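> Listed below are the residues making up each chain.
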Amino acid sequence: MAELKGWREIPIGGVIDKPATAMAFKTGTWRVMRPTWNEDKCVHYMMCWLYCPDNSIIVKDERMMGIDYEYCKGCGVCASVCPTKAISMEPETKFVEEG
Amino acid sequence: MIAEKTRLAITGAEAVAHAMRQINPDVVAAYPITPQTPIVENFAKFVADGIVDTEMIPVESEHSAMSAVVGAAAAGARAMTATSANGLALMHEIVYIAASTRLPIVMPVVNRALSGPINIHCDHSDTMAERDSGWIQLFAENAQEAYDLTIIALKLAEHESVLLPVMVNQDGFIISHGVEPVEILPDDVVRNFIGEKKPRYSLLDVENPVTYGPLDLYDYYFEHKRQQVEAMENVFEVFPKVVEEFAEISGRKYNFIEPYRLEDAEHVMVALGSTNGTIKDVVDELRAEGKKVGLLKIWMYRPFPKAEIQRELYGRKTVVVLDRSMSFGAEAPLYAEVKSALYEAPAKPLMGSFIYGLGGREILPEHIRSAFEMAVAGELVVDDQKYLGLRE
Amino acid sequence: MAINIKQLTKEFSDPLSIGITSGHRLCPGCAAPMTVKMALMVAKHLGYEVVVGLATGCLEVSTTIYPYTAWSIPYIHNAFENAASTIAGVETAYRALKKKGKLPVDKPIKFIAFAGDGGTYDIGLQALSGAVERNHNFLYILYDNEGYMNTGNQRSGSTPPGSETTTAPVGKAIPGKLQLKKNIVEIVAAHENVYAATATVGEPFDYMNKVEKALKFEGPSFIAVLSPCVRFWRIPEDAAPSITKLAVETKYWPLYEVEKGVYRITKKPRSFKPIREFIEKQGRFRNLLKHPDADRIISELQDYVDKRWERLLALEEATRDKPAR
Numbered sequence: 001m002a003e004l005k006g007w008r009e010i011p012i013g014g015v016i017d018k019p020a021t022a023m024a025f026k027t028g029t030w031r032v033m034r035p036t037w038n039e040d041k042c043v044h045y046m047m048c049w050l051y052c053p054d055n056s057i058i059v060k061d062e063r064m065m066g067i068d069y070e071y072c073k074g075c076g077v078c079a080s081v082c083p084t085k086a087i088s089m090e091p092e093t094k095f096v097e098e099g
Numbered sequence: 100m101i102a103e104k105t106r107l108a109i110t111g112a113e114a115v116a117h118a119m120r121q122i123n124p125d126v127v128a129a130y131p132i133t134p135q136t137p138i139v140e141n142f143a144k145f146v147a148d149g150i151v152d153t154e155m156i157p158v159e160s161e162h163s164a165m166s167a168v169v170g171a172a173a174a175g176a177r178a179m180t181a182t183s184a185n186g187l188a189l190m191h192e193i194v195y196i197a198a199s200t201r202l203p204i205v206m207p208v209v210n211r212a213l214s215g216p217i218n219i220h221c222d223h224s225d226t227m228a229e230r231d232s233g234w235i236q237l238f239a240e241n242a243q244e245a246y247d248l249t250i251i252a253l254k255l256a257e258h259e260s261v262l263l264p265v266m267v268n269q270d271g272f273i274i275s276h277g278v279e280p281v282e283i284l285p286d287d288v289v290r291n292f293i294g295e296k297k298p299r300y301s302l303l304d305v306e307n308p309v310t311y312g313p314l315d316l317y318d319y320y321f322e323h324k325r326q327q328v329e330a331m332e333n334v335f336e337v338f339p340k341v342v343e344e345f346a347e348i349s350g351r352k353y354n355f356i357e358p359y360r361l362e363d364a365e366h367v368m369v370a371l372g373s374t375n376g377t378i379k380d381v382v383d384e385l386r387a388e389g390k391k392v393g394l395l396k397i398w399m400y401r402p403f404p405k406a407e408i409q410r411e412l413y414g415r416k417t418v419v420v421l422d423r424s425m426s427f428g429a430e431a432p433l434y435a436e437v438k439s440a441l442y443e444a445p446a447k448p449l450m451g452s453f454i455y456g457l458g459g460r461e462i463l464p465e466h467i468r469s470a471f472e473m474a475v476a477g478e479l480v481v482d483d484q485k486y487l488g489l490r491e
Numbered sequence: 492m493a494i495n496i497k498q499l500t501k502e503f504s505d506p507l508s509i510g511i512t513s514g515h516r517l518c519p520g521c522a523a524p525m526t527v528k529m530a531l532m533v534a535k536h537l538g539y540e541v542v543v544g545l546a547t548g549c550l551e552v553s554t555t556i557y558p559y560t561a562w563s564i565p566y567i568h569n570a571f572e573n574a575a576s577t578i579a580g581v582e583t584a585y586r587a588l589k590k591k592g593k594l595p596v597d598k599p600i601k602f603i604a605f606a607g608d609g610g611t612y613d614i615g616l617q618a619l620s621g622a623v624e625r626n627h628n629f630l631y632i633l634y635d636n637e638g639y640m641n642t643g644n645q646r647s648g649s650t651p652p653g654s655e656t657t658t659a660p661v662g663k664a665i666p667g668k669l670q671l672k673k674n675i676v677e678i679v680a681a682h683e684n685v686y687a688a689t690a691t692v693g694e695p696f697d698y699m700n701k702v703e704k705a706l707k708f709e710g711p712s713f714i715a716v717l718s719p720c721v722r723f724w725r726i727p728e729d730a731a732p733s734i735t736k737l738a739v740e741t742k743y744w745p746l747y748e749v750e751k752g753v754y755r756i757t758k759k760p761r762s763f764k765p766i767r768e769f770i771e772k773q774g775r776f777r778n779l780l781k782h783p784d785a786d787r788i789i790s791e792l793q794d795y796v797d798k799r800w801e802r803l804l805a806l807e808e809a810t811r812d813k814p815a816r
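Residue numbers (our numbering), protein chains in the order written: chain R, 1 to 99; chain D, 100 to 491; chain G, 492 to 816.
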């Protein structure tokens, strides 16, 4: 949580005068199930990217590159829309145990 | 330099439509309601004839009128609307949002009694329902003031240390439909006076995207409210400068309040709107009879000019407050605030509260005289609310 | 121009360029951000800047919790019932300032309002109708999750019969909501000069093609997007795409568009599945299924969607090449 500011320090009218400040709010901590990407199975169909409600599929040069776990909430939509089952959902606890 | 003026015989509604023509707002969104309708009709004619290049939105309700004006103002446009009574009540939700979003919208309000029962005539119940909304509220005594205050309101609203919306109140029918001589300033003089709008944040500035109207919880809502208090405080510094500048172009002097024959007055009446004209006549009559009476007219009701009121009312024997609206189960709005302003007075005057003119009920010189006479005779009883022109 | 997903991945490889960003607090698997991002990408892909206006609702509260905003484009939320009139004001300001040469940035801008079903079918219907009638140039996207989900699942004019809500619960005396959903697309399509369509996240290309059409339409346009609330439809978090695909396959949510009175069905499945399949997959109908009246209600719903489909086919046939204006 950012430090709370006084009334003289914030823009008037409730306006947020900068774009995309929510990027500072990392929703990845919500995740219970973790999508894991199997690159070998991936055909870069990109439905995962199109659907991801948290913009957490990383793409470059028309190719899937991985998953941004800082924001991924673990909903599993990416796995459900993948035609080649290249993403599987695993309990987050598994990764905690593995350190 | 005082500009050359045109003198027209017009109604208060027409006078305000002329002020709007000269302001030439970017956007006007409005809905018809008696007695505000002639403002919108006259302005629509200016639009139709190409005299202004305003984009008009003939909305399907006052709620949408205020909503559209909020959208337009957030997009950096100079945006106006106008309304009355139930229309203002329908806007209520967005009236608060306009103020808290700090959008400098100017809205002429043609005062009319709020339903129910339904009534189309003048009283101040409509605007009084918005007194805590965060808008600046100005009251005109006549058509000339309605015109002048509309122009003044625009400059005040858009001042960088204010950025608050303003209601310019004129009494329904009495001012809005009564024909009076009104001096209209030259168009270019008005345009120079108001200048260009410089929005702080604009939705159309796509290179600097802003978020208007976020969810503001317990961690920041309070801070934003405190900012609104500050903006209202700033009005006390900005308004005198704006009216001084206006006096330079018009020769007409405005202030928070207008004292009338107060110099040695022992008994002072306080009122809003058109009734002040009648009170002035009665004061003249009573003065001619040797009675030390006077009037304190309130031009600005929000922010409430407490210091100015204290300055004028301290030391008086009696203060008679006229209200054209009520607060059921409590003291009438203007009376309550004047009384509160006198809390710190070294010697408290005797006070009387008089309700008059609800739903357009006639207010006659003899009503005002009777209230003054009670004051002079020492018959006022504090908080004993009296009614002028009411049948028992 | 058909929307090409590879092309989109190239244009929007930087997630900040989409318009809605990460860090919003919508539930995992919520369909609302899918609805939004697909529309914004199409608009930007077509070369437009976008200003969005939101009605109060889940999408609004979860994306703009002060001082955080999950928008990288200009955004305004005013109130619940006035998304259409607010965006109409913004759009009018754009035309006014453009005419006067006072725009801060002179680029082509599209104005998109997003509102839920409460803000559209119910409390915002008047403002929507007014803005469409006045012919403002804007796109109104309804994310239809069939209830007041932001306040915890209350019945709206969009809730289907038998769906469990807190204000029309399935009880011993009354089997949940009795009334059918309002047909919002027909209401909007009844205005002159409008493009109105249904769409859903389960058929993203159909949806994105409609967004393109809507944005290119000269005048107001409206897309009703079936957009599940995973929480109160009581479906798995990953199920928004599949359940809405099923909605199309069961005739629950036919995909069509009405352009100036001309109907066109945009997706005609070769065979249909029974509506019961759609109902049985969602926990919101669990209590209905246990109710003695369940079979009757489901069979009435089946009859309704069958007739509606036949009627749509007839309308398509009857209005072909016969625009209202």
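Calculated directly from the structure, the hints in this document are not laboratory data.
Check the hints yourself; a few may be wrong.
With a straight-line Cα cutoff of 25 Å, these simulated DSS-like cross-link-like pairs (lysine-lysine) come out [to be verified]: (1) LYS18(R) - LYS379(D); (2) LYS85(R) - LYS501(G); (3) LYS390(D) - LYS18(R); (4) LYS18(R) - LYS758(G).
Okay, the calculated beta carbon distance ranges per label pair [unchecked claim]: (5) SER260(D) - GLY643(G): 39 to 47 Å; (6) LYS41(R) - GLU768(G): 26 to 34 Å; (7) GLU70(R) - ARG299(D): 53 to 61 Å; (8) GLY414(D) - TRP7(R): 48 to 56 Å; (9) PRO157(D) - GLU771(G): 43 to 51 Å; (10) LYS324(D) - GLY643(G): 23 to 31 Å; (11) GLU70(R) - GLU344(D): 50 to 58 Å.
The structure displayed is predicted, hence computed values, not measured ones.
Positions of the beta carbon are idealized from the N, C-alpha and C atoms, including for glycine.
> Hint by hint, note whether the structure agrees.
Here's how the hints hold up against the structure:
1. For the hint linking LYS18(R) to LYS379(D), the alpha-carbon distance of about 54 Å lies beyond 25 Å, and the restraint is violated.
2. For the hint linking LYS85(R) to LYS501(G), the alpha-carbon distance of about 23 Å falls within 25 Å, and the restraint holds.
3. Taking the CA atoms of LYS390(D) and LYS18(R), the gap is about 63 Å. The hint is violated against a cut of 25 Å.
4. Under the criterion of a C-alpha separation no larger than 25 Å, the hint pairing LYS18(R) with LYS758(G) is inconsistent with the structure, at around 41 Å.
5. For the pair SER260(D) and GLY643(G), the supplied restraint of 39 to 47 Å holds, since their beta-carbon distance comes to about 42 Å.
6. Here the CB-CB span from LYS41(R) to GLU768(G) is close to 29 Å, well matched to the stated 26 to 34 Å.
7. Here the CB-CB span from GLU70(R) to ARG299(D) is close to 33 Å, at odds with the stated 53 to 61 Å.
8. For the pair GLY414(D) and TRP7(R), the supplied restraint of 48 to 56 Å is violated, since their beta-carbon distance comes to about 38 Å.
9. The given range of 43 to 51 Å is respected by PRO157(D) and GLU771(G), whose C-beta atoms sit roughly 49 Å from each other.
10. Between LYS324(D) and GLY643(G) the CB atoms are about 27 Å apart, so this pair conforms to the stated range of 23 to 31 Å.
11. Separation of GLU70(R) from GLU344(D) is about 54 Å and conforms to the stated range, judged on CB atoms against 50 to 58 Å.
Going down the numbered hints, you'll see the structure goes against 1, 3, 4, 7 and 8, while the others check out.
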